[in-house]
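Novice: Each chain, letter by letter, is given below.
2 protein chains.
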Amino acid sequence: MADEVILLDFWPSMFGMRTRIALEEKNVIFDYREQDLWNKNPILLEMNPVHKKIPVLIHNGKPVCESLIQMEYIDEVWPSKTPLLPSDPYQRAHAKFWGDFIDKKVYASARLIWGAKGEEHEAGKKEFIEILKTLESELGDKTYFGGETFGYVDIALIGFYSWFEAYEKFGNFSIEAECLKLIAWAKRCVKRERECF
Amino acid sequence: MADEVILLDFWPSMFGMRTRIALEEKNVIFDYREQDLWNKNPILLEMNPVHKKIPVLIHNGKPVCESLIQMEYIDEVWPSKTPLLPSDPYQRAHAKFWGDFIDKKVYASARLIWGAKGEEHEAGKKEFIEILKTLESELGDKTYFGGETFGYVDIALIGFYSWFEAYEKFGNFSIEAECLKLIAWAKRCVKRERECF
Chain F
1 MADEVILLDF
11 WPSMFGMRTR
21 IALEEKNVIF
31 DYREQDLWNK
41 NPILLEMNPV
51 HKKIPVLIHN
61 GKPVCESLIQ
71 MEYIDEVWPS
81 KTPLLPSDPY
91 QRAHAKFWGD
101 FIDKKVYASA
111 RLIWGAKGEE
121 HEAGKKEFIE
131 ILKTLESELG
141 DKTYFGGETF
151 GYVDIALIGF
161 YSWFEAYEKF
171 GNFSIEAECL
181 KLIAWAKRCV
191 KRERECF
Chain G
1 MADEVILLDF
11 WPSMFGMRTR
21 IALEEKNVIF
31 DYREQDLWNK
41 NPILLEMNPV
51 HKKIPVLIHN
61 GKPVCESLIQ
71 MEYIDEVWPS
81 KTPLLPSDPY
91 QRAHAKFWGD
101 FIDKKVYASA
111 RLIWGAKGEE
121 HEAGKKEFIE
131 ILKTLESELG
141 DKTYFGGETF
151 GYVDIALIGF
161 YSWFEAYEKF
171 GNFSIEAECL
181 KLIAWAKRCV
191 KRERECF
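Keeping their order, the protein sequence lines are chains F and G. Each residue of the first sequence is one higher than the one before, counting from 1 in the UniProt record's numbering. Each residue of the second sequence is one higher than the one before, counting from 1 in the UniProt record's numbering.
Extracted from the complex, chain F is given alone in its bound form (with noise of 0.2 Å):
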């Protein structure tokens, strides 16, 4: 039996993209359900009655959510293709640490950028730009997070760089004055997309 794989997604959302991201990787067709988030499907509660969010991947009936998970779940069940994550669990580690960190961090720094305002908006503003500096010396050299591989770091941070002209506006600064060697990596991440499809 051929797999059957959903995904129950939003288009804008940067925690959709790397589920997606990661199943384009492993070539794995998919069916993608846009959700209306506003008006929640039946399918979306009863697939993820807890947190009642996307995405959700559903594989053969099953629901697996959260972002992070998704993209190790993918990787444990399709992992004949190009790995997202290192073998070595001390490699494994360090990347799941850096997923964790942008999970816990970047999102909830720039959502003070387009949500807030006044000393709350420049907080995160500022915060924002300390978290993607952290990120940058993380990067340091390398091509991709984690060396001359795109993968699971990559993908965990990517999706928010197609946000970052929105947080541009909104918080009338320039991200890549600041972080010139992230930019470069987000870029080297979007031309790669347009050479791989």
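Hints are supplied without guarantee of correctness; some may be wrong.
Remember, identical chains collapse to one label, so a pair may be satisfied in a single copy or spanning two.
[As the list claims (entries may be wrong)] Once the Cα atoms are required to be at most 25 Å apart in a straight line, the calculated SDA-like pairs of lysine to any residue come out as:
#, residue 1, residue 2
1, Lys26, Ser109
2, Lys104, Gly115
3, Lys26, Ser87
4, Lys117, Gly61
5, Lys53, Ala177
6, Lys181, Met14
7, Lys105, Asn27
8, Lys52, Glu136
9, Lys52, Ile131
10, Lys40, Leu23
11, Lys181, Tyr32
12, Lys181, Val50
13, Lys52, Ala184
14, Lys40, Thr149
15, Lys142, His51
16, Lys169, Trp78
17, Lys40, Glu165
18, Lys126, Phe30
Just so you know, the hints here were simulated from the structure itself, not pulled from any lab data. In this text the structure is predicted, and so the values were computed from the model without any measurement.
Got chain F sorted already, so can you dock chain G onto it with the hints?
Specialist: Showing chain G alone in chain F's frame:
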């Protein structure tokens, strides 16, 4: 060369407890180093420069941070004994989902019980009980979260149990009156530990 395993920790930490229990489950001998969080030791700052938090697991000189990631690392490095996570990818993802749920929800609501006043305090109590009831529903009639075997989700949650008396005192409520089955699970875990050591 024998493994050198050091744990930078602070005794009341429910996150540190996870790593201690995971190491004990695997019969890994480790050097426990209590940290003063109000006067941080250079080794903590060096080994976890991003978050500067305990627990930090240092294995042969290399740091692994974040307790859920440490549990997965321990499970991968010392796989010979009882596994903490199931081997099936779907069951693994399911266990990780609940570990992530505990991380995102339990501490934040519990903190409002002892750290907030008035409406915020009351909202924290209400949310805390709702979260425990969600966990109780996931536990169902199973002995442990994973079935018959004590594992990842049990370890992720059990450290909070040692704080329940404090939450009850600050919240002036009985957790057992609300979540009888979850308290029975916690007592099973504690009893089990006494039987093991």
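Novice: Indicate, hint by hint, whether the structure satisfies it.
Specialist: Results for each hint:
1. Neither within a single protomer nor between protomers do Lys26 and Ser109 lie at most 25 Å apart by alpha-carbon distance, with minima of 31 Å and 38 Å respectively.
2. Taking identical chains as interchangeable, the C-alpha atoms of Lys104 and Gly115 lie at most 25 Å apart whether they share a chain (17 Å) or sit on different chains (21 Å).
3. In the homo-oligomer, the alpha carbons of Lys26 and Ser87 lie at most 25 Å apart both inside one protomer (16 Å) and across protomers (21 Å), since each shortest distance falls under that limit.
4. In this assembly of identical chains, the alpha carbons of Lys117 and Gly61 never lie at most 25 Å apart, being 43 Å within a copy and 45 Å across copies at closest.
5. Taking CA atoms no more than 25 Å apart as the test, Lys53 paired with Ala177 passes in neither setting, with 34 Å inside one copy and 31 Å between copies.
6. Taking the shortest alpha-carbon separations for Lys181 and Met14, only the intra-copy value of 21 Å comes in at or below 25 Å, while the best inter-copy value is 38 Å.
7. When the C-alpha separation of Lys105 and Asn27 is checked against a cutoff of 25 Å, the pair qualifies neither within a copy, at 30 Å, nor between copies, at 35 Å.
8. Taking the closest pair of Cα atoms, Lys52 and Glu136 come within 25 Å of each other only across two copies (19 Å); inside a single copy the shortest separation is 33 Å, beyond that limit.
9. Proximity of Lys52 to Ile131 under the C-alpha cut-off of 25 Å is restricted to the inter-copy arrangement: shortest distance 15 Å between copies versus 28 Å within a copy.
10. For the homomeric pair Lys40 and Leu23, the shortest alpha-carbon distance inside one copy (24 Å) is at most 25 Å, but the shortest distance between copies (43 Å) is not.
11. Within a single copy, Lys181 and Tyr32 get their C-alpha atoms no closer than 33 Å, and across copies no closer than 39 Å, so neither meets the 25 Å cut-off.
12. In this homomeric assembly, Lys181 and Val50 come within 25 Å of each other (Cα to Cα) only across copies, at 19 Å, whereas the closest approach inside a single copy is 39 Å.
13. Proximity of Lys52 and Ala184 under a CA criterion of 25 Å is satisfied in neither setting, with 35 Å inside one chain copy and 29 Å between copies.
14. Taking CA atoms no more than 25 Å apart as the test, Lys40 paired with Thr149 passes in neither setting, with 37 Å inside one copy and 36 Å between copies.
15. For the identical chains of this complex, Lys142 and His51 are inter-copy neighbours only, at 23 Å across copies versus 36 Å inside a copy, given an alpha-carbon limit of 25 Å.
16. Within a single copy, Lys169 and Trp78 get their C-alpha atoms no closer than 39 Å, and across copies no closer than 49 Å, so neither meets the 25 Å cut-off.
17. Taking the closest pair of Cα atoms, Lys40 and Glu165 never come within 25 Å of each other, the shortest separation being 28 Å inside a single copy and 39 Å across copies.
18. Taking the shortest Cα distances, Lys126 and Phe30 never come within 25 Å of each other, neither inside one copy (39 Å) nor across copies (40 Å).
Going through the hint list in order, the structure does not satisfy hints 1, 4, 5, 7, 11, 13, 14, 16, 17 and 18.
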